[in-house]
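Chains as they are written, first to last, in my numbering: chain H, 1 to 125; chain E, 1 to 244.
Hints are not guaranteed to be accurate.
25 Å max Cα-Cα, derived SDA-like pairs, lysine to any residue [claimed, not checked]:
hint	chain 1	residue 1	chain 2	residue 2
1	E	Lys223	H	Arg121
2	H	Lys86	H	Asp22
3	H	Lys86	E	Leu242
4	H	Lys104	E	Glu142
5	H	Lys17	H	Pro105
6	E	Lys215	H	Lys2
7	E	Lys116	E	Lys95
8	H	Lys65	H	Gly24
9	H	Lys104	E	Leu30
10	E	Lys215	H	Asn54
11	E	Lys95	H	Gly24
12	E	Lys215	H	Gly24
13	H	Lys117	H	Thr66
14	H	Lys104	E	Lys116
15	H	Lys86	E	Lys195
16	E	Lys95	H	Glu92
17	H	Lys17	E	Lys116
18	E	Lys195	E	Thr49
19	E	Lys116	H	Arg87
20	E	Lys95	H	Pro105
21	H	Lys42	H	Pro77
22	H	Lys86	E	Leu213
23	E	Lys215	H	Glu88
24	H	Lys112	H	Thr28
25	H	Lys104	E	Lys195
26	E	Lys223	H	Ala108
27	H	Lys117	E	Glu56
28	E	Lys95	H	Ala96
29	E	Lys215	H	Leu19
30	E	Lys223	H	Ser125
31	H	Lys2	E	Asp101
32	H	Lys104	E	Thr163
33	H	Lys112	H	Met76
34	H	Lys86	E	Ile214
35	E	Lys215	H	Pro56
36	H	Lys65	H	Asp22
37	E	Lys215	E	Glu192
38	H	Lys104	E	Gly167
39	H	Lys86	E	Leu171
40	E	Lys95	H	Ile91
Don't read these hints as lab results, they were simulated from the structure. Keep in mind the model is a prediction, meaning the values are calculated, not measured.
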Amino acid sequence: MKILIVDDFSTMRRIIKNLLRDLGFNNTTEADDGLTALPILKAGGIDFLVTDWNMPGMQGIDLLKTVRADEALSSMPVLMVTAETKREQIIEAAQAGVNGYIVKPFTAATLKDKIDKIFERIDAS
Amino acid sequence: MESHNNVELLEAARALVTALEADDSQQAQLHLASLTQSQESELFHEVGTLTRELHESLNNFNVDPRLVDLAEHDIPDTRERLNYVISTTEEAAHKTLGLIDETLPLSDSLKDTAQKIEESWHRFRMREMGVDEFRSLSEEIESYLANVKLHADQIHDNLSEMTLAQGFQDLTGQVIRQVITLVGEVEDNLVELVKIAGKHQTGTQKDGKEVDLIKAEGPQINKDKPNVVNNQDEVDDLLSSLGF
């Protein structure tokens, strides 16, 4: 399982990477916005995408929409980890096909819970 | 004032027409001159008013040279200050995370060795251990105790460094406070500018501006806004109401 972590703050990428490592996900790679994430995704080999929303270049919501519109990537599970907390934004993300939505600051337990739920749903379908 | 002027103008115009019809060129010239003069004086009056307003506006601009100072020095300076906040917090987070990375293996190794010794100790208490094995256990315990001291010292040092790394909050907090003060000052000056400029533009408020509801805003400072969720539970509730 290879996970791509997309966030413009290197500290947040590191925090997520460390938390994922504690959950047993050792194979992670990083990008600092949607524009740098897309070539990595298109190159293949990524199984799970964790992305922030507010980033320069391409924002997380646009990355999500681009992933869903790409035939090769459309079924990729996407978890959004963001400080964006407006209802309109959460609804927009849900409608764009996000698999999980975590608001910052978050806990290791929340991250585990959301990832477990995403895989439960994938296994069930 | 205007209707009074119009009546005068109308009278002068009628007198001019009458004089022209009567072929009285001398009178016609006189009425024509009076008509032109009244127009000119009105024009001068208008130009005078505009000049005075312009002068007052320029004076008002000069009242606060701080505005120029703000635009030239303080705003670029603020950009730098805010970048400083980003780099300082980033540095502190990395430092803390690095120290955590360094400390976790120390506590893990202490735990693992303790567990191993505990098992051997249990066998010793159950009289399941030979003399040679006990000798080796004694050495192991001796080396473990030295290691505990060494690792505990290192963990203590790392924790102290983590504590120190939190000093970023003080440093960035001070900078942010300065920025808040500056923003307040800019706001006051902008209000003054709007007051000056607004004299001629009252009632031209822009209501038609479209609001982008999903525009990224970063952390919400005001948690009381009606369209903002405050925690993960509220996010989960909202998503489940959407059938998630």
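So, going through the hints one by one against the coordinates:
| no. | hint | verdict |
| --- | --- | --- |
| 1 | E:Lys223 <-> H:Arg121 | violated (32 Å) |
| 2 | H:Lys86 <-> H:Asp22 | violated (30 Å) |
| 3 | H:Lys86 <-> E:Leu242 | holds (15 Å) |
| 4 | H:Lys104 <-> E:Glu142 | violated (47 Å) |
| 5 | H:Lys17 <-> H:Pro105 | holds (15 Å) |
| 6 | E:Lys215 <-> H:Lys2 | violated (30 Å) |
| 7 | E:Lys116 <-> E:Lys95 | violated (33 Å) |
| 8 | H:Lys65 <-> H:Gly24 | violated (28 Å) |
| 9 | H:Lys104 <-> E:Leu30 | violated (85 Å) |
| 10 | E:Lys215 <-> H:Asn54 | holds (9 Å) |
| 11 | E:Lys95 <-> H:Gly24 | holds (24 Å) |
| 12 | E:Lys215 <-> H:Gly24 | violated (34 Å) |
| 13 | H:Lys117 <-> H:Thr66 | holds (23 Å) |
| 14 | H:Lys104 <-> E:Lys116 | violated (40 Å) |
| 15 | H:Lys86 <-> E:Lys195 | violated (34 Å) |
| 16 | E:Lys95 <-> H:Glu92 | violated (36 Å) |
| 17 | H:Lys17 <-> E:Lys116 | violated (31 Å) |
| 18 | E:Lys195 <-> E:Thr49 | holds (19 Å) |
| 19 | E:Lys116 <-> H:Arg87 | violated (53 Å) |
| 20 | E:Lys95 <-> H:Pro105 | holds (19 Å) |
| 21 | H:Lys42 <-> H:Pro77 | holds (15 Å) |
| 22 | H:Lys86 <-> E:Leu213 | holds (8 Å) |
| 23 | E:Lys215 <-> H:Glu88 | holds (9 Å) |
| 24 | H:Lys112 <-> H:Thr28 | holds (16 Å) |
| 25 | H:Lys104 <-> E:Lys195 | violated (41 Å) |
| 26 | E:Lys223 <-> H:Ala108 | holds (23 Å) |
| 27 | H:Lys117 <-> E:Glu56 | violated (68 Å) |
| 28 | E:Lys95 <-> H:Ala96 | violated (37 Å) |
| 29 | E:Lys215 <-> H:Leu19 | violated (28 Å) |
| 30 | E:Lys223 <-> H:Ser125 | violated (37 Å) |
| 31 | H:Lys2 <-> E:Asp101 | holds (22 Å) |
| 32 | H:Lys104 <-> E:Thr163 | holds (23 Å) |
| 33 | H:Lys112 <-> H:Met76 | holds (18 Å) |
| 34 | H:Lys86 <-> E:Ile214 | holds (8 Å) |
| 35 | E:Lys215 <-> H:Pro56 | holds (13 Å) |
| 36 | H:Lys65 <-> H:Asp22 | violated (30 Å) |
| 37 | E:Lys215 <-> E:Glu192 | violated (30 Å) |
| 38 | H:Lys104 <-> E:Gly167 | holds (22 Å) |
| 39 | H:Lys86 <-> E:Leu171 | violated (30 Å) |
| 40 | E:Lys95 <-> H:Ile91 | violated (37 Å) |
Hint compliance for this structure: hints 1, 2, 4, 6, 7, 8, 9, 12, 14, 15, 16, 17, 19, 25, 27, 28, 29, 30, 36, 37, 39 and 40 are broken, all remaining hints hold.
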